[in-house]
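*Asks:* Listed here are the chains, written in short residue letters.
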Amino acid sequence: MHELALAESIIEVVEARAEECGVQRVRTVHLRVGEASGVLVEALQAAFAMLASLSPVLAEARLAIEISPHRAWCEPCASSFAVEDFIARCPACGTWSTRILSGTELQILDMEVGADTQQGGHEQAHNG
Amino acid sequence: MPRVTIARHILAANEEVAAEVRQRLAAAGVRCINLMSGPGAGKTTLLERSVARLRGRLAIGVIEGDIETSLDAERMEAAGAQVVQINTRGACHLEAQMVRDALEALDLQRLDLLFIENIGNLVCPAAWDLGEDLRVVVVCTTEGDEKPAKYPQIFAAAQVLVLNKLDLLPYVDYDPERVRAQALAVNPGLQIFALSCRSGEGLDTWCDWLLAFAGKSSGAAVSEAPHAMGGAVS
Ligand SMILES: Nc1nc2c(ncn2[C@@H]2O[C@H](COP(=O)(O)OP(=O)(O)OP(=O)(O)O)[C@@H](O)[C@H]2O)c(=O)[nH]1
Ligand SMILES: [Mg+2]
Ligand SMILES: [Zn+2]
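Residue numbers (UniProt numbering), protein chains in the order written: chain D, 1 to 128; chain Z, 1 to 234.
Be aware that one or more of the hints could be misleading.
Unchecked claim - List time: in silico EDC-like cross-link candidates among lysine to aspartate or glutamate, alpha-carbon distance up to 20 angstroms:
#1 K150/Z - E177/Z
#2 K150/Z - E19/D
#3 K216/Z - E74/Z
#4 K150/Z - D85/D
#5 K150/Z - D173/Z
#6 K150/Z - D112/Z
#7 K216/Z - D133/Z
#8 K216/Z - D107/Z
#9 K150/Z - E35/D
No lab work stands behind these hints: they were computed from the structure.
The shape of chain D in the complex, shown without the other chains (with noise of 0.2 angstroms):
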């Protein structure tokens, strides 16, 4: 298994944008992973919380994990369906498709931020 090498590219781009933004403090990080993208959820999470709890701007930041189905498209149909175990053919109509819409993604998506509690005082950006 790959997770603990998948925490650490998580927390290295993170990190580099927080630098980019001036962020002192990363409260959530949201991901997109797709149901086939062979990553085991509790793993990453595991491995993240360890070396996240290393990094002065990740210590207090967790993972929140979007799992996206594995879905692919039929033409003849006009319409998207499941993929089940990898086999790409569709349910209704029996043909195989090309065309895989989600489920593999790994994506990092965006951050929650917050100021640094410790040093207060200072005024944060309000956002709705």
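Keeping the supplied structure of chain D fixed, place chain Z with the ligands upon it in accordance with the hints.
*Replies:* Quick look at chain Z with the ligands alone, frame taken from chain D:
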């Protein structure tokens, strides 16, 4: 709480290095294949046979990925290939950074085709782009005929499947047609070669295809190869 957009691949750093590797290889006119399989399916043997058969017609380089030892690199060197060994010291897959470093030790101007032999593992290597042009998965007749159904991700991520050790078919319960059907179910575009590194059966078809892939074939072998099952598969 304020939100800051990131919108990047989780493996963004790897993807960037892979793009750099791809660019360097393209600039040097070198085609690159990422060779993947479970442990012992015959990656190194297939490379030894390919290098030997194509000597003088195709200049092949090999980046050998292993957790430990340089045994496979020594085998490739003996076969006459330019070779670099990467030892991951425990990591279960190669990453693009390791390939970029390994390129420093190769004379790309003298190569037509570069193989990256990935770590023997059917799970993890699939997620890491190494900068290759093509991914080849090797399975063999001694590892059970349910691999594509059990490890669909790596078969979905490849373009070519090699079914090796055909010579052992009389001794094992293994149905090549079953493997073929499972593999095509998860990846209908997969090109399949069946061969034996030991008997040599099917190796000519494979080597012709390699020549065509590297742009070195005299004929039009490339259009004949898709979905070809070489040899005595019934
Ligand atoms: N009978 C038979 N044995 C083979 C064939 N191809 C490879 N072997 C044997 O299978 C064993 C493993 O082959 P390797 O080429 O080392 O396999 P590999 O995939 O490189 O293994 P790792 O790098 O350790 O993952 C060796 O003993 C080979 O001689 C074949 O076509 N037939
Ligand atoms: Mg090997
Ligand atoms: Zn349909």
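*Asks:* Take the hints in turn and mark each one as holding or not.
*Replies:* Results of checking the hints against the structure:
1. K150/Z - E177/Z: Holds: K150/Z and E177/Z sit about 16 angstroms apart, inside 20 angstroms.
2. K150/Z - E19/D: 42 angstroms, violated
3. K216/Z - E74/Z: Outside the cut-off at roughly 27 angstroms; violated.
4. K150/Z - D85/D: 9 angstroms, holds
5. K150/Z - D173/Z: 17 angstroms, holds
6. K150/Z - D112/Z: 35 angstroms, violated
7. K216/Z - D133/Z: 16 angstroms, holds
8. K216/Z - D107/Z: 19 angstroms, holds
9. K150/Z - E35/D: Within the cut-off at roughly 15 angstroms; holds.
Of the hints listed earlier, those the structure fails to meet are numbers 2, 3 and 6, in rising order.
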